[in-house]
Amino acid sequence: MLKGFLRLQSPLRSTLSLRKVSPRNQHLGIALRYSTATAGGVFEINLDRRKLKTPGGKLFTAPNEALAIAVATEWDAQRDTLKFYTMHLTTLCNTALDNPTERNKDQMINASLKFLETDTVCYRVEEPPALVELQKNEWDPVLHWIENRYNVNIGSSSSILGPDIPEATKDTFRQHLNSYNFWSLTGLEYVITQLKSVVLTMGIIDRHLSVEQAVLLSRLEEEYQIRRWGNVEWAHDYDMYELRARTAAGALFVHLTSESSTVKRKLLQD
1277 MLKGFLRLQS PLRSTLSLRK VSPRNQHLGI ALRYSTATAG GVFEINLDRR
1327 KLKTPGGKLF TAPNEALAIA VATEWDAQRD TLKFYTMHLT TLCNTALDNP
1377 TERNKDQMIN ASLKFLETDT VCYRVEEPPA LVELQKNEWD PVLHWIENRY
1427 NVNIGSSSSI LGPDIPEATK DTFRQHLNSY NFWSLTGLEY VITQLKSVVL
1477 TMGIIDRHLS VEQAVLLSRL EEEYQIRRWG NVEWAHDYDM YELRARTAAG
1527 ALFVHLTSES STVKRKLLQD
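Residue numbering for the sequence shown follows my numbering, beginning at 1277 and increasing consecutively.
Keep in mind that the hints were calculated from the coordinates and are not lab data.
Hints are supplied without guarantee of correctness; some may be wrong.
As the list claims (entries may be wrong) - Derived DSBU-like pairs: lysine-lysine, alpha-carbon spacing no greater than 30 angstroms straight-line:
(1) Lys1390 - Lys1412
(2) Lys1381 - Lys1446
(3) Lys1334 - Lys1381
(4) Lys1329 - Lys1359
(5) Lys1359 - Lys1472
(6) Lys1472 - Lys1446
(7) Lys1472 - Lys1381
(8) Lys1327 - Lys1390
(9) Lys1327 - Lys1359
(10) Lys1359 - Lys1334
(11) Lys1381 - Lys1329
(12) Lys1412 - Lys1381
(13) Lys1412 - Lys1472
(14) Lys1412 - Lys1359
(15) Lys1381 - Lys1327
Model the full structure from these sequences, guided by the hints.
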């Protein structure tokens, strides 16, 4: 299936192909084999021999082979109709390429850090006692892990104002997030927004939590209410699976767009 450049046969009876484009020869559309591709190039994805474009009209490109294959797989999985709401990696690529809000890295980091002040695992209820105990037992270990991992203080609170996050903690996370490139920050912010939590997001990215664990922790109060009162048939399960899919896609996007040296350094710190 992988010969020279990737060709995937789509159920839509179209042909998906990936090709490596040299930065010097991109305007010439020179297709290169992966083994001879020059460093720093990008990958195009062609559908029915036509180049994919972003919603903003830019040429759709991926910064590396792994992400390009993952996006092509999303297209290959489509059936009789295109369901763009299931194509999370494609959407994240479009966001990174078009940057519709015209933000820079500092603005993206600031937007992500705002969730630290309202982090899911930091807000605690005062009653009922069973839920108070559940939050303590399930959230405290993750909170202690991230405080030790990054040598910061976060804390928790049952006040509507939430915990008072020290500036030193914000500076630590700001410096850490700044180590990611623009594409990876796009994925990080996406996961943080899904989980409403910087703590749970970093737990996934640092491989301390699985996607399933992080999603359950983000829905702890809802799951408690379901166990107590029952669930709406199929609706809660659908919401759960959708959140898992979006979170998993965002985490995968971060890992696929992070520079290998950065990823290796982070893993060695674990």
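Violations among the numbered hints: Violated hints (numbers, rising): 8, 12, 14; every other hint is consistent with the structure.
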